[in-house]
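Trainee: Keeping the supplied structure of chain G fixed, place chain H upon it in accordance with the hints.
Protein chains: 2
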Amino acid sequence: MRTLVSELTARQGSEVTVSGWVHRIRDLGGVSFVVLRDRSGSAQLVFDTKPAVTLESVISATGTVTANERAPGGVEVRVRDLEVLSPAEVDLPFPVNQDPAKMPLEAILDSRMISLRTPAILSIFRVQSTILRCFADCLRAEGFSEIKTSKLIGTGTEGGTGLFEVAYFEDKVYLTQSPQIYKQALVAAGFERVFEIGPAYRAEKHDTPRHINEFTSLDIELAFIESEQDLMDLEGGILSAIFGGIRESNARDLEAWKASVPDPALCPKIPRVSHDEAREIISRETGKKVYEIAPEGERTLCEWAGKTAGIEAAFVYGYPRKSRPFYTYPADNNRSKSFDLLFRGLEITSGSVRINRYDMLLENLKTFDLPPEGMADYLSIFKYGCPPHGGFAIGLERLTQKILGLGSVKEATLFPRDRRRTRP
Amino acid sequence: MRTLVSELTARQGSEVTVSGWVHRIRDLGGVSFVVLRDRSGSAQLVFDTKPAVTLESVISATGTVTANERAPGGVEVRVRDLEVLSPAEVDLPFPVNQDPAKMPLEAILDSRMISLRTPAILSIFRVQSTILRCFADCLRAEGFSEIKTSKLIGTGTEGGTGLFEVAYFEDKVYLTQSPQIYKQALVAAGFERVFEIGPAYRAEKHDTPRHINEFTSLDIELAFIESEQDLMDLEGGILSAIFGGIRESNARDLEAWKASVPDPALCPKIPRVSHDEAREIISRETGKKVYEIAPEGERTLCEWAGKTAGIEAAFVYGYPRKSRPFYTYPADNNRSKSFDLLFRGLEITSGSVRINRYDMLLENLKTFDLPPEGMADYLSIFKYGCPPHGGFAIGLERLTQKILGLGSVKEATLFPRDRRRTRP
Chain G
1 MRTLVSELTA RQGSEVTVSG WVHRIRDLGG VSFVVLRDRS GSAQLVFDTK
51 PAVTLESVIS ATGTVTANER APGGVEVRVR DLEVLSPAEV DLPFPVNQDP
101 AKMPLEAILD SRMISLRTPA ILSIFRVQST ILRCFADCLR AEGFSEIKTS
151 KLIGTGTEGG TGLFEVAYFE DKVYLTQSPQ IYKQALVAAG FERVFEIGPA
201 YRAEKHDTPR HINEFTSLDI ELAFIESEQD LMDLEGGILS AIFGGIRESN
251 ARDLEAWKAS VPDPALCPKI PRVSHDEARE IISRETGKKV YEIAPEGERT
301 LCEWAGKTAG IEAAFVYGYP RKSRPFYTYP ADNNRSKSFD LLFRGLEITS
351 GSVRINRYDM LLENLKTFDL PPEGMADYLS IFKYGCPPHG GFAIGLERLT
401 QKILGLGSVK EATLFPRDRR RTRP
Chain H
425 MRTLVSELTA RQGSEVTVSG WVHRIRDLGG VSFVVLRDRS GSAQLVFDTK
475 PAVTLESVIS ATGTVTANER APGGVEVRVR DLEVLSPAEV DLPFPVNQDP
525 AKMPLEAILD SRMISLRTPA ILSIFRVQST ILRCFADCLR AEGFSEIKTS
575 KLIGTGTEGG TGLFEVAYFE DKVYLTQSPQ IYKQALVAAG FERVFEIGPA
625 YRAEKHDTPR HINEFTSLDI ELAFIESEQD LMDLEGGILS AIFGGIRESN
675 ARDLEAWKAS VPDPALCPKI PRVSHDEARE IISRETGKKV YEIAPEGERT
725 LCEWAGKTAG IEAAFVYGYP RKSRPFYTYP ADNNRSKSFD LLFRGLEITS
775 GSVRINRYDM LLENLKTFDL PPEGMADYLS IFKYGCPPHG GFAIGLERLT
825 QKILGLGSVK EATLFPRDRR RTRP
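Chains as they are written, first to last, in my numbering: chain G, 1 to 424; chain H, 425 to 848.
Any given hint could turn out to be false.
Stated by the list, open to error - Quick list of in silico lysine to aspartate or glutamate cross-link-like pairs, EDC-like style, CA-CA up to 20 Å:
1. G:289 <-> G:276
2. H:629 <-> G:171
3. H:596 <-> G:171
4. H:474 <-> H:431
5. H:596 <-> G:165
6. G:205 <-> H:594
7. G:172 <-> H:727
8. G:172 <-> H:505
9. G:172 <-> H:534
10. H:596 <-> G:207
11. G:307 <-> G:285
12. H:629 <-> G:170
13. G:50 <-> G:27
14. H:682 <-> H:842
15. G:307 <-> G:277
16. H:596 <-> G:170
17. G:172 <-> H:589
18. H:596 <-> G:277
19. H:526 <-> H:505
20. G:50 <-> G:81
21. G:172 <-> H:701
22. G:102 <-> G:255
23. G:205 <-> H:595
24. H:596 <-> G:110
25. H:596 <-> G:204
26. G:322 <-> G:347
27. G:172 <-> H:842
28. H:731 <-> H:756
In case anyone wonders, no lab produced these hints; they're calculated from the structure.
Extracted from the complex, chain G is given alone in its bound form (with noise of 0.2 Å):
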């Protein structure tokens, strides 16, 4: 029976079996110490002789639990009997057990396989499973179902640029940029209130420390809302969440990277301004007049936001009808009833409240200039009768990475798929 690192202190005295990686090597002559790695932790095994074995194999060591205040948790195990599993080759490729901030990007992301061993690099995605939890929790408990749509589309929804194509058989399909045109259907058959966790795809030639073409949507979509106050509210308690959760259980993987998450009480309180504010507050702010809110503004007004309210956020609404898509309700000739939300410095949300009106969305296709051939399935959700609703997503790398104080969105990517990478 297998005892995991976390139980040892428990266990002192007794004889236990644990199993793991060999994470470090120490031989001192007389006695040799090996720090053995599993997924609750690590801890310190002590031999007599020098045990045969190389860092990154996994073994299993049988010995008994001993106080020992210099070892992590204040427990060693005395080994009397060890096992190799899986022998590891000794030309690793990654320095498992270094500081990963003294690693290149490029060199943990080529290594992928391996580097993904070291704790600090495990405890991103550690935290980013707790990100998954909380949100999914978060919602159901407010009366929304989980979906599960295709990635393959005949057309975007958003137009046909920035879309990877699909060899389909004999056909030609993208894959999808975002679940909108699906989100919006199933709020129209009556879910109401609908939630997808999925992929989501972008042929955008960025290569910036915020962009990566294939990311994972946290995506919300909701029915019988009065405005976009509303989507903020619930993004609001979304937020709060996650933050709980996180701090509940990732104290580790916080240590880790020296971060802490925002009070989940301030959250319901992150700064609501309109556009127009926003671009008031960065020019006073920064003593510059700005006409578009652009990345350093983003930077600006979330550190504004840091000030006053206590939480590096802040949602911006009312942005320009133009810059949004065709499916976003109209606050009057200029404005949209739409938002985004910026944290520690960078966008990690959009939302809006949509057109719901069949006769106002086939309006709003002439003045964005889009024609309405190929929408049909689309512009069927509205035409038979669609409820008041918005929605808006959540990038997960995004948060993952700001929540930690990563320098780029693709360390807190198991995989990233950028313009060059397409491995491992």
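Mentor: Just chain H, lined up with the frame of chain G:
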């Protein structure tokens, strides 16, 4: 403040506002009845004069909740104020308020945007949402982490056939058939226990009621197992959680399909028969000697399990090595440490212990006549220490189909992609 239909019984005598879709209209001259449908159910609205509404229009109605024995739920709403939020045109392409069993599958799928409004059809996906929840909850409780891996790979782990090709900038990549390589990488990276819920693709020309080209794979991989029996134990526990969850949350959805789930307590007792025993049972039950387990044999085996164990499910283990992927752990020269789960006549899971030793894997590649070239990333998982492990995958749509007794897996897929269907 909106009241849900399910809350009406408790609100007798009060004035409420209900919102939803016009499901049925009955005009009796002096009085008109409208059945209103929302996410929680249906209720009868009573009007003194015929309201100007069409089927499927979205309305809000304000009135008094009044007892009426003959109305569903024992109450109806006597409406004093009606608002049409979104009028539906009258050429409805699908009869939403009719029994979907009377409609051909092709008509249901061609008008998917509208046919999903049919309450019985929407029920299918409420059950599916429960499956997703219970699957994840059950595994998290067992210490599993949730992962999200790329669906785009340079080469197929299981050979190059059956892959959809994606034009990726100047490169060509493929849609993944399964997250096999990645879930093994994450187990070896130290998570030990992972699950992933994501799309999987098979570019196969099958056109049967049990094949689709894009499906949702519920994938599991875990380390430090002793044998494939551990995997079957785990899957029994997962099914028990799913069936229990559906019993608790989806009574009206099961009722819509006159379906029932097996007793959760019987899941740990699902019969486990070897491949050889399975053939003997099928031969004995049918009176015909069988050499391979064909779909008819799978049905026979499930009927046999229903008679002998009270649950129409059977694990079959020990498949011939040559019929399983190269990474399957051999049991002997001919047999592998693999298994399938058959449920109500259909294979819903395939799994195995995986080869975790580098030397054995290289050897097996030779046996399978596969070149190690192009597999460097995969092989590095094992070259540098990998614990004993195994895993399996459950097809979400097939499980949903069999729980509800649907004729085709396509009915259990929100937006199915098959040989010819790429919309909506």
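Trainee: Take the hints in turn and mark each one as holding or not.
Mentor: Here is what the structure says about each hint:
1. G:289 <-> G:276: holds (12 Å)
2. H:629 <-> G:171: Holds, at roughly 13 Å.
3. H:596 <-> G:171: Status holds; Cα separation ~17 Å.
4. H:474 <-> H:431: violated (26 Å)
5. H:596 <-> G:165: Measuring from Cα to Cα gives roughly 10 Å; hence the hint holds.
6. G:205 <-> H:594: Given pair residue 205 (chain G), residue 594 (chain H) holds - Cα atoms ~11 Å apart, limit 20 Å.
7. G:172 <-> H:727: violated (42 Å)
8. G:172 <-> H:505: Given that 20 Å is the threshold and the Cα spacing comes to 50 Å, the pair is violated.
9. G:172 <-> H:534: holds (19 Å)
10. H:596 <-> G:207: holds (19 Å)
11. G:307 <-> G:285: The given pair, whose Cα atoms are some 11 Å apart, holds under the 20 Å limit.
12. H:629 <-> G:170: Distance of about 11 Å is within 20 Å: holds.
13. G:50 <-> G:27: Holds. Residue 50 (chain G) to residue 27 (chain G) sits at ~6 Å (cutoff 20 Å).
14. H:682 <-> H:842: violated (27 Å)
15. G:307 <-> G:277: Holds. Residue 307 (chain G) to residue 277 (chain G) sits at ~17 Å (cutoff 20 Å).
16. H:596 <-> G:170: Judged against 20 Å, a Cα distance of about 17 Å means the pair holds.
17. G:172 <-> H:589: holds (10 Å)
18. H:596 <-> G:277: violated (46 Å)
19. H:526 <-> H:505: With a Cα-Cα distance of about 36 Å, the restraint between residue 526 (chain H) and residue 505 (chain H) is violated, given a limit of 20 Å.
20. G:50 <-> G:81: Holds - the C-alpha atoms of residue 81 (chain G) and residue 50 (chain G) are around 13 Å apart, at most 20 Å.
21. G:172 <-> H:701: Status violated; Cα separation ~46 Å.
22. G:102 <-> G:255: holds (17 Å)
23. G:205 <-> H:595: Status holds; Cα separation ~13 Å.
24. H:596 <-> G:110: Satisfied, since the Cα-Cα distance of roughly 19 Å is no more than 20 Å.
25. H:596 <-> G:204: holds (16 Å)
26. G:322 <-> G:347: This hinted pair holds, its Cα atoms lying about 19 Å apart.
27. G:172 <-> H:842: Between residue 172 (chain G) and residue 842 (chain H) the Cα gap is close to 13 Å, so the pair holds against 20 Å.
28. H:731 <-> H:756: Roughly 32 Å between the alpha carbons, so the hint for residue 731 (chain H) and residue 756 (chain H) is violated.
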